[in-house]
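Protein chains in written order, with our numbering: chain C, 1 to 440; chain D, 1 to 440.
In short, the hints are calculated from the structure, not lab data.
A pair holds if it fits inside one copy or across any two, identical chains being indistinguishable in the list.
With a straight-line Cα cutoff of 27 Å, these simulated BS3-like cross-link-like pairs (lysine-lysine) come out:
no., residue 1, residue 2
1, 102, 117
2, 431, 288
3, 77, 423
4, 153, 29
5, 153, 18
6, 18, 29
7, 18, 171
Protein chains: 2
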Amino acid sequence: MTTSCQSSTHTQLASQLKQAKQAFYQMAKLTTCQKNDALALMAQLIDQNKHRWLEANLTDLQTNQTGIDASLLQRLKLDEGKIVQLVQGIEQVISLEDPCGKLLGKTELDAGLVLEKKSVPLGLIGIIFEARPDVMPQILSLILKSGNAVVFKGGTETKQSNQAFMDYVVKPLTQACDYLPQSWATLLESREEVQAMLQYHQYVDLVIPRGSNQLVQHIMANTRIPVLGHADGVCHLYVHPSASMAEAVNIAIDSKIQYPAACNALETLLVDKAIAPAFFSAFAPVAKAEGITLKACPHAMAYLPEAAPATEADWTTEYGDLTLAVKIVDSLEDAVNHINTFGSHHTDGILCNDAFVQALFLAMVDSASVFANCSTRFADGFRFGLGAEIGISTARTHARGPVGLEGLVSYKYQLVGNGQVVKDYVGTSPKSHFTHKIMV
Amino acid sequence: MTTSCQSSTHTQLASQLKQAKQAFYQMAKLTTCQKNDALALMAQLIDQNKHRWLEANLTDLQTNQTGIDASLLQRLKLDEGKIVQLVQGIEQVISLEDPCGKLLGKTELDAGLVLEKKSVPLGLIGIIFEARPDVMPQILSLILKSGNAVVFKGGTETKQSNQAFMDYVVKPLTQACDYLPQSWATLLESREEVQAMLQYHQYVDLVIPRGSNQLVQHIMANTRIPVLGHADGVCHLYVHPSASMAEAVNIAIDSKIQYPAACNALETLLVDKAIAPAFFSAFAPVAKAEGITLKACPHAMAYLPEAAPATEADWTTEYGDLTLAVKIVDSLEDAVNHINTFGSHHTDGILCNDAFVQALFLAMVDSASVFANCSTRFADGFRFGLGAEIGISTARTHARGPVGLEGLVSYKYQLVGNGQVVKDYVGTSPKSHFTHKIMV
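Looking at chain C on its own, in the form it has when it is part of the complex (with noise of 0.2 Å):
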């Protein structure tokens, strides 16, 4: 590519999240109703015209039927059931309660004088995803519930899904709903693109990827706009010596098999050296049953002879199959030490029957969901209840774990005076107080 190349993308590009941002104005000042009315047609336009998407679908299958495995394939694959399922996302997504214009907190500062801290739209949000093209009618639900507008990439695997849903749903949306404004969601081609709007930190205000490691770790180094997403997954059971042995096994079995491929999928096993013997001769057969391959430290090998010996690199490794580090721990803080050391602060659980070591355990581990007795597997937007999910979040600040509309909103300050200074308030005797009474 040459420079004058890039420099006209950049220019087009520029002119775009100009008028994306534009759009996000707008898009701030609609109602509850006109949101919902909106994601009503939007589900209606998905049924009316799913045979064309499917359609798409079918060449974006069969440009990418060699050289990709079988289940990425299955993650590009459309069908009725899963276009059903989709339909029904929206409806949940118009149940839920309008996020913005809450009001967060009120002081009265003095007589006349009140502020008010209310939740409004975050902004112009960038998103970039691949493979899965039934993300975007996910993605465009919740940014129009929220009354954000999006700047956004699909993978190239689903490029024909992708411009379809644009031209059948989101074009024909826009036009029938005279209150959208025309930029509040706009489709990226290229990568080029997708680089270039990184550097826009004027216009985007928030940037979610969806997708491997390797593109969350490349967006989260290139870019100074704020980033929501996780690179890694690596999750963690302790098994306490006052568990319930049956149980443990049950919700170590579901965290690592249920679905080894997800971020919330168990990675690393410790089990406390007091109830390791009895532990392990009820663990390694249903592990070995369900086909799970062991990587132990050299004390657990003594407990499973049939484990690879686990090295350093396996402590930090997200597997994402049925692969399963295990470590013996000499105690709780042991393993509390162990999961905020090497873990990715993403979902980290006890099993135990002891409250204190419980409580102890919630407070002390550093991740985003932290479990009790429950497989790791239910860290997920839905299953939390909170409508879809627009990604599972790893940094510390706004959102963290899985999130829903409230990560996709921020709040302003709104004082109402009648005439106030600040002169009257200062020096050695002012002429006002601030009361600061607190109403909400």
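Once you have looked at the hints, place chain D on chain C.
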């Protein structure tokens, strides 16, 4: 500086930051009582050791008395009065509610499977500030109350004062309170260390720069760590035709002159064309009497013969002195567009007596603080009733506007079950169903 020297800075710093991050995990466990006890002792130590602190400050003043201007020297200087205020500030922080451990939400996902969303300390905070030595106790009291750990660096102008505060307040405090980890507050010594610190996103969770526009811009451009702060404060007032004239003049003057160097001082005054002749004839003589220099748009020049012509650059300039840009706008929408386009999203207000217009302005202006009929100078953590202020943020994510204790916390999800696994909740005829019953 040679490469080997740089890497020795890095090695030593990495180990300091690692210790500081460990200290954070200890801080996060402190009870409200422990934190308040430590704060009370901090106030006592400041009072007991004020003469040593004042002495060190005198050395700083003597070192810096040439080459810096009077206003900076004023900010450098500590005195007994300032110290009394600082002690009172700490007492106020003691009286504020603990921001950690709040129950932000509670949902029963199913019988015996309960999700709680709880506020938690944020992490290791990096703070870089210039000049004012009185920032140190303010920062440390907020950090302590919110259960975080801090690495910080003050300006070289206040080196002796800051070191004295560490030696006579922070060190004895940490020794006396055995529950405080050694490395909860780490003072960095050199600019090289700050530069290096910005690269350690695995340890530092948030950076707060407090100082010049250049300092903030430099930090924002040189780190992947989230930054809380503001580079610019280009604040506006819009005078609507319905405004009461005397009140409008009074508020505009206060917003400009009450403390012109502050980031919430008025920089651009937008006057509706329908009220321009009347407003300017009332405003111009007062502005002149107060020593305000006006820079006016061509249209406004007709009413302000003594003004200099404004250029495009004036609309984005933070003067920080008694200069004021003035522009005539056609309408509310024109004013809002000007503010959203040229402003810094800090603090912007309307002067009007029309409830509908006021509501539109408050909704449409995309700033952290939007005001009606009061001075922009009210945008301040203390005046908002937040207690002390760690900074003012013009970012859109996490914390916005004046930031008190709430901007120093995050949240985590805690899910407690009694053996639930995900496989029972999925498939065509699942054994279990989510109830998603919202309890808080």
